[in-house]
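Residue numbers (the working numbering), protein chains in the order written: chain A, -5 to 227; chain B, -5 to 227.
Any given hint might turn out to be false.
[To be verified] Ranges between beta-carbon positions, derived for each pair:
{"no.": "1", "chain 1": "B", "residue 1": "Gln162", "chain 2": "A", "residue 2": "Met173", "range": "42 to 52 Å"}
{"no.": "2", "chain 1": "B", "residue 1": "Gly172", "chain 2": "A", "residue 2": "Ser226", "range": "35 to 45 Å"}
{"no.": "3", "chain 1": "B", "residue 1": "Asp197", "chain 2": "A", "residue 2": "Gly158", "range": "16 to 26 Å"}
{"no.": "4", "chain 1": "B", "residue 1": "Arg53", "chain 2": "A", "residue 2": "Asp58", "range": "50 to 60 Å"}
{"no.": "5", "chain 1": "A", "residue 1": "Gln163", "chain 2": "B", "residue 2": "Gly94", "range": "29 to 39 Å"}
{"no.": "6", "chain 1": "A", "residue 1": "Leu227", "chain 2": "B", "residue 2": "Val48", "range": "41 to 51 Å"}
{"no.": "7", "chain 1": "B", "residue 1": "Thr219", "chain 2": "A", "residue 2": "Pro134", "range": "12 to 22 Å"}
{"no.": "8", "chain 1": "A", "residue 1": "Ser226", "chain 2": "B", "residue 2": "Arg53", "range": "20 to 30 Å"}
{"no.": "9", "chain 1": "B", "residue 1": "Arg53", "chain 2": "A", "residue 2": "Thr219", "range": "13 to 23 Å"}
{"no.": "10", "chain 1": "A", "residue 1": "Asp187", "chain 2": "B", "residue 2": "Glu59", "range": "42 to 52 Å"}
{"no.": "11", "chain 1": "A", "residue 1": "Glu59", "chain 2": "B", "residue 2": "Thr219", "range": "43 to 53 Å"}
Don't read these hints as lab results, they were simulated from the structure.
In this text, all values refer to a predicted model and were calculated from it rather than measured experimentally.
Beta carbons are placed, not taken as given, at the ideal position from N, Cα and C, and that holds for glycine.
Protein chains: 2
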Amino acid sequence: MLWLIGLGMADGDISQRALDAMRKADRLFAEFYTSTWTGDLGKLEELLKKHIEVLSRERVEQEDEILEQAREKRVAFLVPGDPLVATTHADILARARAAGIKVEVIHAPSIISAIGETGLHVYKFGPPVSLPQPQKDYHPSSPFEKIRANLRAGLHTLVILDTGMRAQQALEMLEKNGMEQSVVVAARLGTKDASIAYGKIKDLKKQDFGRPPHVIVVPGELHFTEKEFLESL
Amino acid sequence: MLWLIGLGMADGDISQRALDAMRKADRLFAEFYTSTWTGDLGKLEELLKKHIEVLSRERVEQEDEILEQAREKRVAFLVPGDPLVATTHADILARARAAGIKVEVIHAPSIISAIGETGLHVYKFGPPVSLPQPQKDYHPSSPFEKIRANLRAGLHTLVILDTGMRAQQALEMLEKNGMEQSVVVAARLGTKDASIAYGKIKDLKKQDFGRPPHVIVVPGELHFTEKEFLESL
């Protein structure tokens, strides 16, 4: 038996159903590389009086540890945000089902819906885009192509940054790829400490948004209520 | 003070943060017309030992009752799913901020991320579409135009049905608008009783999917892992 459990974005986001499953589980695993969780894992362990083993990307994606344990034991796999927003977890769900392991998904708040705090309508977003940390020989152009495709269709784009990456770095990348319009920067969305800013890339990139997680929205065509909201920030 | 609180999709989806806020609130309101909540309101009232007043669409959208109460008192407004997926609630957030009322948004699981249970990648969805109950003189074509725009871009479309509407009726509407491809029907997603089916519209429309909520996904281009997942259903 496998529970795929979302932790949401902040400490208090854990649902009653998630806590019940964690209490029933024989083994608890967690990962924090697909996105940032601002909660306190130690406090959760104390509440449950159980150890939670944090897995690296390699142990989640290359080894079949979680599924092997779940064949015999009741395993809970805790992940930041909603458990099925990251493709990795959808893949674990598919492999577990194919192997005949019973899986229950316990959903949680995710940036995909929390982005509504910017006042932008969820119904006007095109596909979200992940912006990876640039590497020495790896400067993918596809995120910017996807943003441009959304813009051509009048749609907003949620730009999800690599774990730990800051808005300033992402804004520099947007600028290098020829963008100079107004964008939204949202920091720590879904927590009590959230902050949202709207302005030109060249101005926002000089600002400090505090600790991550940060996301960016490149807005498409703005409805007047969206425009009013952003301009009131 | 106003808390905009998401109830998620099922009974156990309420977060610790949401319960804390409900306990602190002087007045509790709820609405269930923007989408379906499969939970039990009576049980929640018992747990809180407080009355929750259910508001009609008119009282939410035409009267400023919630905001007027929130000027003086600590008001919690409970809504199904995530509080900012429906445009109505984003509008209340905007008006509360404009009126200088302190607002805290408490997020919850939403169909927007739970749709990942279909094995379709969240990153490949275009904008979601709402399908209203057809009225005597009201047969909007815009939902179908939006689905076609997503299809042209290779993107999936989440089709959110009017509260209480069944998949069969929506499938008939898709068919009448010239669609005949394979689609996904998901019933009671995010609950323990979820069921998902994949097939041709003409076959699925003969099936009974049990009680609502139902949603439909019109898939765009399928990644082989998505195709495998759907075909294993």
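Hint numbers contradicted by this structure: 3, 6, 10 and 11
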